[in-house]
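Asker: Chain by chain, the residues run as shown.
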Amino acid sequence: VRSAENIEKLVQNLDLDIDTNAQTDQAVLSELLDAQKKSIKQQSALVLPNIRRFIMKNPITKLAAAVVIIAVIIGVNPFGTSKTSIVLADVAKRFESVPFFRLTIYLGYDNSDEAKKIEIWKSEDSHVRAHEGNKVIFADFSNKETNIIAFDQTTRQPINNMGYVSMILKELCSEGRFSLDTIINIIPSEDGITSVETADTAASKETVVFEIKHKETPEWISIWALRSSKLPVRMCFHDPRNNEHGDFFFDYSEQKDAKFFDPDAFKNEAQEQPNLSSSENAFNEQEIIDVLRRWTVLSGGSFPSSLDIQTIKDIDPNADISFLYNGLKNLNGAIHFETPHATFDRDNPPSQDEIDKYFNSVMFILMGRIQEVLAEMTDWHYAGQGVKLSDADTAILWYRPKDSETYRVIYGDLRAKDVKLENLPK
Amino acid sequence: MLEDKVLIWKFKYGSGEALCRIYEKYIKDLLRLAAILSNNACDAEDIVHDVFVSFAQSAETLRLSGNLKSFLLTCVANRARNKNKENQRWQMAGLDEAESVASQSKTPEQWIIQSEELRRWSNIMAKLPYEQRETVILHLRAGMKFRQIAQSQGVSVNTVKGRYRYGLNKLRSILDGEVEK
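Top to bottom, those sequences are chains A and B.
When you number the first sequence by the numbering used here, it's gap-free, plus one each residue, and the end is 426.
When you number the second sequence by the numbering used here, it's gap-free, plus one each residue, and the end is 181.
If you are wondering where the hints come from, they were derived from the structure by calculation, not from laboratory data.
Heads up, some of the hints might be wrong.
Derived SDA-like pairs: lysine to any residue, alpha-carbon spacing no greater than 20 Å straight-line [to be verified]:
(1) B:Lys127 x A:Glu8
(2) B:Lys25 x A:Leu33
(3) A:Lys426 x A:Tyr411
(4) B:Lys127 x B:Arg165
(5) B:Lys161 x A:Gln12
Just so you know, these numbers come straight off a predicted model, no measurement behind them.
Kindly produce the complete structure, drawing on both the sequences and the hints.
Answerer: Rendered as structure tokens:
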């Protein structure tokens, strides 16, 4: 008779060998890659019918809209008997009347450094420009026929994958109107929303705050508006269930010129400035330089022997990892990984295991990022092994930016310059 | 674990290479779990295939708080549970034979190549009620904690512990019975 413990051990240690048919593996993999590609390409098309999900990817949008519905349609004064006479309907109406504005949106999670940033500018004549990651989107809402075009910010070439922002624009600016009202119009239901609660105590002298809570969920949303102008200046939402939050900042101070909203001007800028690709690449190049600089600080002045994970062994695991981590946070692409709080808590120092784990994690991501950046470049070569930060004239890395005839060379003193093929190091 | 973080990061940036690596790394674990939970090679193939297709399409929405392997194993367990319910409905409707014929017709193109030992244990585990089988396998083979299993099954931790205990007892009597024979 076997004991429960024996059974546990037996099941745990079973050698349950399994193999797969290589041909089927290939077929499945190919199907998966197709699915992945289609998913990326069709993001906009897939989400388009459901604006509520992508505006903030959060049901709180519904909440915000419903508040406006209540305020505007039912005529509820969200401040009740408070000292201000502003109602949310006034704010919505006032917002619609502004000739131009800039809206900056941050969407993210409380426990994450990662946040999606979207910037939208609207011109007086209903032209819109938006930035989302490396995408620049132009939209013309001055006519009934909405025209939206997206470019890759680096190459300045038109792209098909327009991202979330184009979808947001299409819906929010329908019929050329860009207003809080248009948010209301795309939210079909106000079910589950409780009446608007006041936030009288939170209101400052200059601003008034509308605070709204959901009837059945812990979500809440706040809208700040200026008492004098009745313009909304900030809106934020939070969903404690998944720690999701969003911040919307409204700015009415800067009017951009017509060229800023002109897609042709943006496209031609690249042609007028042949070296632009080089300077655009400088952003990624700057990332690499920053990583290399941080590396030399940790390694006592030496560059990594190679740009892959194997090079981890070159660094003392007791080095100041937070220094590298801070470098990582600045990298393009908003890298997210879990940060063990103990690492930065002086009163509660981390164990060696925690340090090792964290160190490896940081290094792994660091090298992964370098590989990502280099993958976008052609014909790159790394020669940093044995080179020190003081070796000013020794080339450690060179690559050819896309569509460029010259190479970029990074030297031992981390200076970078354009070099012709014939002048490259042998 | 560290590699997984990089893979997820790359995958979220649309890297096909990362998707391939994730596939290669975990396909056998997932198929093994699916095979032993479903005790049916064709069902196991369908389950894992569907999990991976959904995963491939999820780059934009994927958010992992735990590790990748646990996430994928949980996806497989969830799909296997649904498949089991589906099969039960077919059986109740008296259509189990038709399903069985359809499944066998896929045999020549089979994706999974199971060892004898895996087949044997799948048959043994199939004698346990499904919930107990899933609990025992997820805890002992997938290394999941009772709390995680409870979350995945939508029941309390005590219920999971009960299922585990009953499952082990049943397993013991099955194995002891085999020895007596």
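Asker: May I ask which of the numbered hints given earlier this structure violates, with the numbers listed in increasing order?
Answerer: Structure breaks no hint.
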